[in-house]
Structures are given as C-alpha cells and as structure tokens.
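Participant: One-letter residues, chain by chain:
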Amino acid sequence: MNPLLEQFLAEARDFLQGIAEKLMQLENDPNSTVVMNELFRLVHTLKGNSGLFEFPEMTRVLHAGEDLLDAVRDGRVGYSQELTDRLLDAMDFVNLLVDEIESNGGGNGSDHGQNALRLAESLRQLIGVTAIADGGNAKASVAEAFQSSSAPNMPELPRLAELPEQQRMALYRQALAGDTLDTLLFVEYTPEDECFFKGEDPFHQVRQIPDIVWQSVRPRELWTASAELDAYHCNLIFDTLTTAAPEELYELFRYTPEQLRIVPLPPIVLALPHGDPNGGAVYGDFVTDALRRLDSGDMAGLESVARTMLELSSPDLWLASGLRWLLLVLELEPGNRHAQRTLIGSLASLTLPVWTTPETATAVEAVAGPGSGLVGEMFSDADARAFADILQAQREILGLADSDAWLSGRLNAAAAALAACHRRAGRIEALPALEAALAEALDNVEAAPLLAWLDAHAPLDLSATVGPEAAEEAEAAPTPIRNALIDVEPDNKFGRRAEDAYVGPKTLKVDQDKIDNLMGLIGEMVVAKNSLPYLASRAETQYGVRELGREIKTQYAVINRIAEEMQDAIMQVRMMPMSFVFQRFPRLVRDTSRKLGKEVNLVLEGENTEADKNIVEALADPLIHIVRNSLDHGIETPEVRRAAGKPPAGRLTIRATQEADRVHIEISDDGKGIDPIIIKRKAYEKGIIDEVTMERLSDQEAVNLVFAAGFSTAEVISDLSGRGVGMDVVRSAVEKVNGTVSLESELGKGTLIRLSLPLSMAVTSVMIVESDKQIFGVPMDMVVETVRVSRSVIRTIKKRQTTVLRGRIVPLLALNDLLAIGAEPLSNDDDELATLVVRVHEEHVGIVVDDFRETVDIILKPMAGIIGGLGGYSGSALLGDGSVLMVLNPRELV
Amino acid sequence: MAITYQKKLALFRDTVGVEEAEGLLEWFIKNPKSRVDLADCQHLHAANLQVLMAVKPVIAAWPKDANLRVWLESALN
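Residue numbers (our numbering), protein chains in the order written: chain A, 1 to 894; chain B, 1 to 77.
Bear in mind the hints are in silico, worked out from the structure with no lab data behind them. Do not rely on the hints blindly, as some may be mistaken.
Unchecked claim - Examples of chain A residues lying across from chain B (beta carbon under 8 Å, computed):
1. Glu192
2. Phe196
3. Lys198
4. Phe203
5. His204
6. Pro210
7. Gln215
8. Val217
9. Pro219
10. Trp223
11. Ser226
12. Ala227
13. Leu229
14. Tyr232
15. Leu236
Stated by the list, open to error - Here are the simulated distance ranges between beta carbons:
16. A:Val603 - B:Gln6: 50 to 58 Å
17. B:Val58 - A:Gln167: 22 to 30 Å
18. B:Val58 - A:Ala170: 33 to 41 Å
These numbers come from a predicted model, not from an experiment. The C-beta atom is built at its ideal place from N, Cα and C for all residues, glycine as well.
Make a model of the complete structure from these sequences and hints.
Facilitator: Listed below in structure tokens is the structure:
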C-alpha cells in the first residue's frame, strides 16, 4: 500500500467519525448552519480525496451525499430523520469499503457496485422527493418514483426472433429448469455522448459481457448524413440478452452503472413463432376450439388437439412453430394462461405475440416469487383486471362516512365480497385476518380495520392502474411507495452498530503537547541517568565500596541503553518528512513566476528526508523567503536569459539531504547571481560597513552581507521582496533552531543557499568548560576544536590577542572578559592556555577558558523571566549531580 | 495504421483505435460506395463502429473473429 493511500484511509476514518458526529449534532439542532456547513465540508473533502483513487463506488455514494447536503444547505430540501438515517447508512457503506481496502492492501471488493448505486439513488431521491418546491414539482417526482416502482418497463425486443428457434427453446427450457444462475437478463447499455473523450470504448465494454445469447446495436437518434456526422459523438445503444449474473454486469460496468439498464426477462419472451404464414384461415376452427378448452381448463384436451394439429402441419409453417411453442409452454408453464392465450392469439392473427405488456411482467412477478403479485398464476388477464376492480370498489365503499345506520350491513357485504374474491384467487391464507378485521370493524362501528386489511393484502399500486381516483390516492400516500422502492433490507446493512466489535484504527492522533510532554520526560530521564556514574564514583572514592560502584555502573549501562532507545523512539514519533514544507512550493513558484513574467522549472529533491516537527515547521517561513528572493532577484526574465545564452526557463532546485544528525537544505538557482561590488556599495551606503571594511572584504564575504539586518539591494520595493527584512530574518529564524545558513554566488551563473539544521533539538550535546571555578556549557555543534595555546605564540594585534592556528589567524577572547569576571585565565604547568575554538558566523574564534571538562547530553531549557533577556546564554540545564549548568551562546557573546 | 485505405476498399487490421474514426469518416465521404474488409480485424473502437453503422458500406469480408463477427452482423445488417 502506498503512503498516499495509507494517509487517505487514516483520514477517511477521521472524516467518517466527524461526519457521524455532525449528523448526531444535527439531529439535536437541525437548523444549525454551522454544523451543516461543517458536515458538508467533511463529505465534500472526503469525496474529493476518494476521487484520487480508483474507488468509483465510494466516490459515487459520497457524491450523492454531497449533492444531498448541498441541497439541504441551500434550503432546497428540508432536514429529516430519514435523511440522517440514509446518510449514516451511506457512511457505514463507505466505512465498510475503507475496511476492505485496508485489509486487501489497496483493492476493494468488487461486489459493491450495486449497493453503491442503490445508496446513491436513495440519497438522490431525497433531493427530489422531499423537495420543498411547488406542489407540481413534488407531484411529478412522486409520479416518477411511482412509475419506476411499478412493473419494470419492458424493453422492445424486435429482433429476438433472429435467434434460431432451437436455441430459444433450449434457453427457455433452461430458464424454467429453475437454475437461478441462468435467468435471462436484458441489458441495455447507453453510453454517454462524450464517452469517447473519456477514453472509454463502449463496444469493447459490451464485448466483455459474458454469456451473451443475443445482441444488437442501434443508434440513439437516426443517423445523420455522413457529411454532418460527428464520429466522436456517441450515438449508440447496445442491447444484449445474457444469462450472466447481474453482479458480474455491475462489476463490469462499475464505472458507469447509471448507463446500464438491466431488466430480468420472463423466459416466455423467447416464444416467438416464425415461418411461413401460409393458410391462416384453415386453422380458424382450431383456434376457437383451443381457446374454448383453455377457458374451461381442459389442459389435456388442449395439448392433444395441438399435438394433432402439429402433426398435420408442415414443420416450416408459422403455425407449426407456434404450436411447438404452445406445447412447450403447456409442458413447462401449465399455469401461465396468459402466455398460452397470447400464443393461440398469435396463431390466429399470424403476428408475433407481444410479450412486452405489463401483464407479462406481472406474470413474471408471479413466477419470481409466490405472493409477490396480486394476480396469481390462475388468473387470466381479464380476471386480474376484474379482481382489481372489485377490490377498488370495496375500498371506495369502505371509504364512505362511518355514520350511516346501515354501516354494519355495508361492512358485512364488503367483507363477503373480499372473502369470495380471495377464495377464488386461492389466497385462503388471508381469510382469517379478514374475519378478524371484520369483527373488529363491527365492534368499533367503523370501517378502518377492514381498510387496513385491504391495504395490507392488496396494496394500492396495482389498483392504481384502474382509474384516476386510484392514482390520486397513490399520490396522496407517497411514503409507502417511496419506502418500498428504497427499502434497505435489514440483512443488507453495511453498518456496524454500536454493539458490534470495533476494530480500532492503526494510527493514533495525539495532541502535540502530549508528545512534547513525553519527550520532556524522556529527556529528564536521559539526564537523570547521568547521575549514576557520579554515584558510582562516590561509592568508590567516598565510601570505598568498589564492588557497589561497579554494580552501579553495570546497572547504569542497562538504563543508559533503554533511555537511548526511548529517546530514539520519541524522535521517530516527532519526525516529519520535508515534503510537508516542500509541497507548497510548486504552487508558490508557479504563481510568483507568472506574476513576474518569468519561466521557472522547480526541481524538488529529497522530500522524504525527515526531521523533527519543530525543525520542519521552523523551516517553512525562511524557505519561502529564500524561494521568493530567488524568483524575484535571481532568475531573469526569458528575454534576458536568452540574451545571456541561457535556456529561457530558469531552474530552481530545492534539495534536502541528511548527513549524520543534521539536515542540509540547498536552494540553488541558475539566475544572475549576486554582484559583490553592488553589495559592497549598498552596504556602505546603508552604513553597514565602513570604507576600510569595504576594501578588505572578499567577494564571498561580500555576498554574505545580504544577511545583515536592514539590507536590501532591490531598486524598487515590490510586493514580493525588497523591504530589507529578507535574509536577516531568514538567518535569525534558522539560528533559532540551532541551524546555520550560508550563501555562495557566482555572478551570472546563479546562487546557492545552504541551510544546515539539527535533526532534532530535544537533546543538546554540550561541552563543559571551567572558568574561575564555574562551569559553563558550550553547544558542541559550534565547537571546532579544543587546543592548548602556549602564551609564547599569542600576538597582540590592535590590542586584541590573536594566534595562528592551522594557517589562519584566530582572535582570542577570554571567557572571563566576556562574562565580566574579574579574573585572569589560568594556564597549565606548561604555560598553555586552554582555548576552545568555536565557529561563529563562519569565522573561527578562540575562547580562552581555565580548563575543559567532559561533554554531556542535556535538555536545554530556554531561560524565562528576567534572565530571559540575557543574550549571552542560550539556556540552562540540570546536570546529573543536581547542579545547574548555564549554556553559553557564543554567537551573542562574541 | 490499423486501417489501410485502398482505392475503393478500407482494410481493417488488428485493433482499430478511436483515433481512426475521423479519418475513416472522411474517407467514406470522399469515396462513397466504398467497401470494407474486416477479415483481419480483432476489434474496432465504438467510434469506428458508429461510423460504419451510419455510412452502411458494403462489407467485402466479415471478421474471422467469430465474436466480433456476430456483433458486427447484428449492428450492420
């Protein structure tokens, strides 16, 4: 799993948690815009993030959620309990996906396409259905919802007859054999107009559909003349008939499920007679006879006449084909009267039977699951209609006012009618409930219990086809319809409920203060362990117990190891990659260079170099300063560059590397560089240097003058740079975290700025020096060397003591003088002075002390309060023996 | 090139990509009543398919690939 995905998953969990929280808050306070906006922002961000990966299911659901929340935010949709429920469901689904992606290491399960589609649909429906728009609008959407909830729209199947009859019969047989895997699906795939521009190949896509039994391609709109045709405007619709499982199809079309229409077909649609339609009238008698036998339920008779008729007819005739189908239907679907009647009708008219009527669909439902349709297998088309009419009439009767004196008679009559109907339909199981309802109705003298029974056993949607009143009723009660449509089955929940086992996320989010605190404690531990060697030596020297001293030292070794490991571990926790700072540069460089009319290629290297969080954060501002400077002063405009023989686009490189315990960052450009002469003159004009210094300064020293406070070379102050607060701010910011900054520049070739920073600033290594019987610490990273300088080699130049060390002149300063201690430095027996050579601003300075002591790791505590203003000290630390060590800051001191 | 244009015949070979569709359409406009040879074609992008469907050229040879042939026959007949 790549780090990006890891981060996404960790964030996604946070977002989901946040979304759930906000939803709960919203439940208590539905009108809070603040919570609503926050919720929207969370969903929006999560959606955006998910789009970076190939998780179409997740993105789809989140997108729908976002749209819904947007609508709520704008007041187009009112807040409702249901809204929260669905959003929570959707978020549970996303959570499930996240879990799955995490456990699969990147991929998610494939079988979610349909769930995603359904959830997205259910969310979007809330936008439409609960719209607080005008009445007409709402009605329209209800009608729409109603339409899609009623019998599935049967597709046109004009060319199914192209399949050989044998194959169709085999399929029909197969489908009815009850093998659920082999249900016939009609798949209509309508690619988007612009799909070619999205790199899709719909034709390739449909060719991937498995188990195709029939296919066709047709234009969406009639083809225009070749000259006007747009080859890249997709005008195709692909129709296929397949026995593949719907899941496979959803998987295949998981990116574009909305372009797919899948309709399960009743196998009977395959029953299409074909052949020579010769000699229709001759068989007129047969048709009447067959219909009569069908009506009277004489199946055996019907079968025998059909068989006889088939033997008499030539096998190529339309009639023969129709009879073969009729016999097959009689054999396999003896209950499907509607199909048999239609087939016989087709024999009479010699036209293809039309299977695309709602009745066929109803029959499908009846086949699909007993009791799912109102009209049972025993019912013909007309019977079903009559049944619905009777139910509707009873409903109207029951709906009359309850106050009439003859109410009980009316209730009895209605109940009798309903009971008779249902007995005839073979739905005896509903009758006891009807009797109970009748009894209750008679007791309470009201029709409501019977109506309730009617609603429960004969839902409105089928009777709605009967008349306009019914349709109105359906509109008046949109809720059950909607619920039926979007009903999320209980066993289909994605969620884990509160009581489910909770798998904790692998990453923890911890407040930085806590980490800092922990780091402080570990630091104390590191220092505290330093007291053990003291103890050991005291045991030896003071109490004379050598054994004990040795044992303490052994224990010290163990504690030392653990403390160091703890220190390492806490450092790792605080480490952050440089990319945290680097990531903002592409944008910054792009915007700035555009503003300046320059062309710049930014090269970032070593983004993965890690350093302590404080260091990385402290770097952000200085780096931005430097980059801006480079863009503004360094890199020239394309014209100037071309004239100078350089490529028009400048190059800005930011490179981070790690070296031992320091991080180095180099910012280099190939711009015009810094002219030391101009720098010197400017510095002189501003009074930063005097005339003598100006003469003396080397070019390298001159360019480093840009770090001096108040220095600016730009003639014009732009909004980018030139206010004279640039490089000295950079320098002090870097030095604050114990870093150094240096600059090299070659006129006309470019500038290189080097930053060097400690990896971490928690534990500082200091060298302890002694002067006038006091001890002081000096940060190790500033110490160049320790030497003992003989008094004989010390020369006094301009009243300052200097010496020559390794071929360079080093000024010597006594620490006692620097700290205003009235004592002379002590020399050793050979009349040598202990000199600590430190690097201050790239120059070596010797500090004369009395003696050197050991180096220790300390936790440097900055000084607070009144002594905080003392510049000569960078802080204090506690030593192992409990004494306080003052740590000097040579930069300020010298 | 996955399509080779001869005098009055467009030869499709292997997989014909989306970028061919525009050229194919132009060629048909310039050479009406041309024929198409699909024998060695493995697959053609839907954009090419719709050009063929719109122009309805005479098919000189159907693809050897059985699956493609079934599809094309149902689309072009």
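Participant: All the hints need checking, so say for each whether the structure fits it.
Facilitator: Consistency of the hints with the structure:
1. The restraint placing Glu192 of chain A at the interface with chain B is violated, with a minimum CB-CB distance near 11 Å, outside the 8 Å limit.
2. Below 8 Å, beta-carbon pairs count as interface contacts, and Phe196 of chain A has one with chain B at about 5 Å; its hint therefore holds.
3. Restraint check, Lys198 of chain A versus chain B: the minimum CB separation of about 11 Å is more than 8 Å; hint violated.
4. Interface restraint check: Phe203 of chain A against chain B, minimum CB-CB distance 4 Å, threshold 8 Å, status holds.
5. A distance limit of 8 Å between C-beta atoms decides the matter here; for His204 of chain A the minimum to chain B is near 6 Å, and the interface restraint holds.
6. For Pro210 of chain A, the interface hint is violated, since its Cβ never comes within 8 Å of a Cβ in chain B; the closest pair sits about 11 Å apart.
7. Below 8 Å, beta-carbon pairs count as interface contacts, and Gln215 of chain A has one with chain B at about 5 Å; its hint therefore holds.
8. Taken as an interface hint, Val217 of chain A checks out: its beta carbon lies about 4 Å from the nearest beta carbon of chain B, inside 8 Å.
9. The restraint placing Pro219 of chain A at the interface with chain B holds, with a minimum CB-CB distance near 6 Å, inside the 8 Å limit.
10. Hint status for Trp223 of chain A: holds, given a least beta-carbon distance of 4 Å to chain B, under 8 Å.
11. The interface hint given for Ser226 of chain A is met, as the beta carbon of that residue sits about 5 Å from the closest beta carbon of chain B, less than 8 Å.
12. This hint holds: Ala227 of chain A has a C-beta 6 Å from the nearest C-beta of chain B, less than the 8 Å allowed.
13. Because the smallest distance between the Cβ of Leu229 of chain A and any Cβ of chain B comes to about 5 Å, under 8 Å, the interface hint for this residue holds.
14. Here the hint on Tyr232 of chain A is kept, as its CB sits about 6 Å from the closest CB of chain B, short of 8 Å.
15. Checking Leu236 of chain A against chain B by beta carbon gives a least distance of about 5 Å; that is within 8 Å, so the hint holds.
16. For the hinted restraint 50 to 58 Å between Val603 of chain A and Gln6 of chain B, the CB-CB distance of approximately 51 Å keeps it satisfied.
17. Checking the proposed 22 to 30 Å range against Val58 of chain B and Gln167 of chain A shows it holds: the Cβ atoms sit about 29 Å from each other.
18. Distance hint check for Val58 of chain B and Ala170 of chain A: the Cβ-Cβ separation is about 34 Å, which falls inside the suggested range of 33 to 41 Å.
Comparing the model with each earlier hint shows violations of hints 1, 3 and 6; every other hint is respected.
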